[in-house]
Amino acid sequence: MVFPEPVIELAIEPKTKAGQGKLDEALAKLAEEDPTFRAHTDEETGQTIIAGMGELHLEIIVDRLLREFNVEANVGAPQVAYKETFTKRVDIDKKYAKQSGGRGQYGHCKVIFEPMDTNAEKFEVDPKANVLINEPPTLLFESTVVGGAIPKEYIPAVGEGIEEAAKCGILGGFPVLGVHANVYDGSYHEVDSSEMAFHIAGSMAFKEAMEKGGPVLLEPIMRVEVTMPEEYMGDVIGDMNSRRGRVESMEDIGGGKMVKGLVPLAEMFGYATDLRSKTQGRGNYSMFFEKYEQVPKNVQEKVLSAQAK
Numbered sequence: 000m001v002f003p004e005p006v007i008e009l010a011i012e013p014k015t016k017a018g019q020g021k022l023d024e025a026l027a028k029l030a031e032e033d034p035t036f037r038a039h040t041d042e043e044t045g046q047t048i049i050a051g052m053g054e055l056h057l058e059i060i061v062d063r064l065l066r067e068f069n070v071e072a073n074v075g076a077p078q079v080a081y082k083e084t085f086t087k088r089v090d091i092d093k094k095y096a097k098q099s100g101g102r103g104q105y106g107h108c109k110v111i112f113e114p115m116d117t118n119a120e121k122f123e124v125d126p127k128a129n130v131l132i133n134e135p136p137t138l139l140f141e142s143t144v145v146g147g148a149i150p151k152e153y154i155p156a157v158g159e160g161i162e163e164a165a166k167c168g169i170l171g172g173f174p175v176l177g178v179h180a181n182v183y184d185g186s187y188h189e190v191d192s193s194e195m196a197f198h199i200a201g202s203m204a205f206k207e208a209m210e211k212g213g214p215v216l217l218e219p220i221m222r223v224e225v226t227m228p229e230e231y232m233g234d235v236i237g238d239m240n241s242r243r244g245r246v247e248s249m250e251d252i253g254g255g256k257m258v259k260g261l262v263p264l265a266e267m268f269g270y271a272t273d274l275r276s277k278t279q280g281r282g283n284y285s286m287f288f289e290k291y292e293q294v295p296k297n298v299q300e301k302v303l304s305a306q307a308k
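Numbering (numbering that gives the first Met the number 0), first residue to last: 0 to 308.
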């Protein structure tokens with residue numbers, strides 16, 4: 000079963016070094032219970048990052064960490080879990096060769112990269128290709144290498160290099176979604192080639208593909224359903240539009256109205272308080288992850304500028 004990618008994340012740090020083990024143990028237990036919850040370490044900062052499906056989801060997780068598992072920790076503000084993808088098909092020829100006395104390193108791969116549906120639960124595969132990684136919505140890696148241009152034992156290393164590089168995109172360092180990579184040719188050296196060399200060549204090929212493939216930022220879009228007395232409907236719809244939302248339908252429900260729409264998660268922080276204010280406490284809403292969509296260019300510039308600070 001494919002579980003959706005988390006859409007919101009925050010940093011959490013134990014108050015003492017000794018508390019890291021306790022935190023890690025608690026996070027492992029929580030992740031075991033809940034497959035939509037993830038935790039990882041940011042390689043650049045060393046911070047522990049927890050990710051989930053919404054503000055409330057993370058609030059519950061943090062509350063359980065502090066109360067149930069007695070973890071003493073500092074908790075950062077929630078952040079939107081942006082992703083990256085590319086928009087053009089590119090053919091990359093990448094060679095990694097290093098000679099430093101003694102045995103060298105040599106890996107050479109030719110890879111076609113194509114964008115795929117970033118919301119796919121299933122990637123369709125070519126029956127003629129040798130599929131080595133099929134992990135929607137992130138990566139489909141296959142090989143159509145023939146004639147031993149790259150020995151079979153080195154081909155998986157190319158995919159692993161691509162998979163590792165896809166964890167960190169070139170725009171803002173966000174994970175990359177919707178990658179279809181087909182290694183179709185290359186070359187090797189009988190002495191100098193190794194899995195490591197082909198791993199590095201695959202990673203380098205991916206980074207070049209991102210640069211040439213029209214990279215864009217993706218943001219999580221949430222399905223939002225709001226119920227309220229009819230007199231507040233105009234304010235609720237106006238507010239949804241002001242949040243870059245798209246109203247999809249309006250329905251009558253038991254003496255009131257329901258408005259359904261799609262709104263970027265980035266615009267939904269603090270919505271519960273705003274809705275209470277606009278409806279004098281008589282409005283309610285629910286929110287679920289719907290899909291990832293490309294961020295408008297002006298918004299992308301703001302996000303990346305804030306990320307760079």
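FYI, nobody ran anything at the bench for these hints, they're computed from the structure. Some clues are possibly wrong.
Calculated cross-link-like contacts (lysine-lysine; reagent style DSBU-like; alpha-carbon spacing at most 30 angstroms) [claimed, not checked]:
1) Lys94 to Lys211
2) Lys121 to Lys211
3) Lys28 to Lys296
4) Lys121 to Lys97
5) Lys259 to Lys301
Quick rundown of the hints versus the structure:
no. : hint             : verdict
1   : Lys94 to Lys211  : 17 angstroms, holds
2   : Lys121 to Lys211 : 26 angstroms, holds
3   : Lys28 to Lys296  : 40 angstroms, violated
4   : Lys121 to Lys97  : 39 angstroms, violated
5   : Lys259 to Lys301 : 28 angstroms, holds
In this structure, the earlier hints numbered 3, 4 are contradicted, and the remaining ones agree with it.
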